[in-house]
Every structure is written in C-alpha cells, then in structure tokens.
Amino acid sequence: MAADWDMAREDILAIWCEKAGSLGYLHEKAASAKGALDRALTLPVIFIGVATSSIGAIAASGGDTSTLIQYTVAGFNLASALLLSTSKYLAPGDAAITHKDSAKAFSVFSRRLRFQLALPPDDREASAPLLEESRVTFNRLVEAMPPLPESVINAFSEKSGVHLPDVVAGPSPVGIYGRVLPEPEEADVEEGSIDPAEPNQL
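Every number in the working numbering is 547 more than the matching position in the sequence shown, counting from 1.
Among the hints, erroneous ones may be present.
What the hints assert, rightly or not - Cut-off 16 Å, straight-line C-alpha distance, at most; resulting in silico cross-link-like pairs (EDC-like, lysine to aspartate or glutamate):
1) 651 with 585
2) 647 with 553
3) 576 with 648
4) 647 with 713
5) 576 with 697
6) 635 with 585
7) 576 with 641
8) 651 with 575
If you are wondering where the hints come from, they were derived from the structure by calculation, not from laboratory data.
Assemble the whole structure, with the sequences as input and the hints as a guide.
Shown next as structure tokens:
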C-alpha cells in the first residue's frame, strides 16, 4: 500500500462515500415526490381554468340556468384559488429543484470517492489532501441540503448493507483509530426520570 494510504483513511472515505450515495438517492426520491405534488396542485388549476372559461361562455348566452352556472363558476374559481394558495405556500416545484440539485451534488461526490477507492493505492490521489477536501465538501453538502420528508426517510430506513446517513440511522458510534469500542449498554430508566426514548421531555 502506498505510504500515504492506510486502511483507516480508506474506511473513512468509504463511509462518507456510502453516506453521500444514500443522501443522493434520498434527495432524488424527495425530488420525485415534490414534483408529483407540484403536478397534483398545478394540473387541476389548468383544467378548472379551461372548464370555467367554457362554462362562462354558456352563461353569457343567458337563460334560466345562468344563475346556477354563475355559482358553479364561482365555486370552481374558489377551488382554483385554494389550490394556487396551497401551491404557493408549499412551493413543491422549487423544493423539487432544490432536492434535485442536492441529489446531483451528493452523487458526484460519492462517485469521485468510489472511483478513487477502486484504484490501486499507488494510482490514487494523495490521501491527506483528498481526505481534507472530502471532509469539507461532505460537511458543506450536508449543511446546505434541504430537509428530507419523513415519508422518504421512513421508506429508506429498512435498507441495509451500507453506512446510512445520520438523518436515517440516527447518531452513529464514534470510531477511534486502533480501538474497538464496546457496545453501548442500555441504562435502566428510573421512575420520574427522563426516558431517552420519549421525545419532547427537555
């Protein structure tokens, strides 16, 4: 193995690679979900607009049913306004774009590390600069990413075989070079004390 590469550095980069790949996948799914919500809120407004235009033309011709038609058009317009207000408040289209950008950024980062680790040590970039650059990049991407929907996280939480990001698996054990840490023991919860399993107690 090259002088500046060791198993500890490879392990660190492999963990970041897997977590970044998982986050890229999660943001891709979130982008799809937000895009579907955007279409669900936008398409009915288009259909309602076409329908009210047609009905309005009929109402303009007069007749005994013109009042009923006017009320119908008013109801459609109210529904359209509610959908538009909901879409403006949730902004699913903008959220889909943001998640898509995060998915691309995490995927590019993950692919770069995967490529480097797949090479023989002598053919890789120098480990120290790569490690520092990867640390800065991964932290920046995590801090800049938009919140993931709970539904996307829950659907992914059953997947295994890779190191999952903290947003899915929760806090992970700390690794110390050259040491194997014991498994954390579950502390007994005394009556009247704070149960760590119960939220909103602090």
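**OP:** State the violated hints by number, sorted upward, taking the hints as numbered earlier in the document.
**Re:** 1, 2, 4
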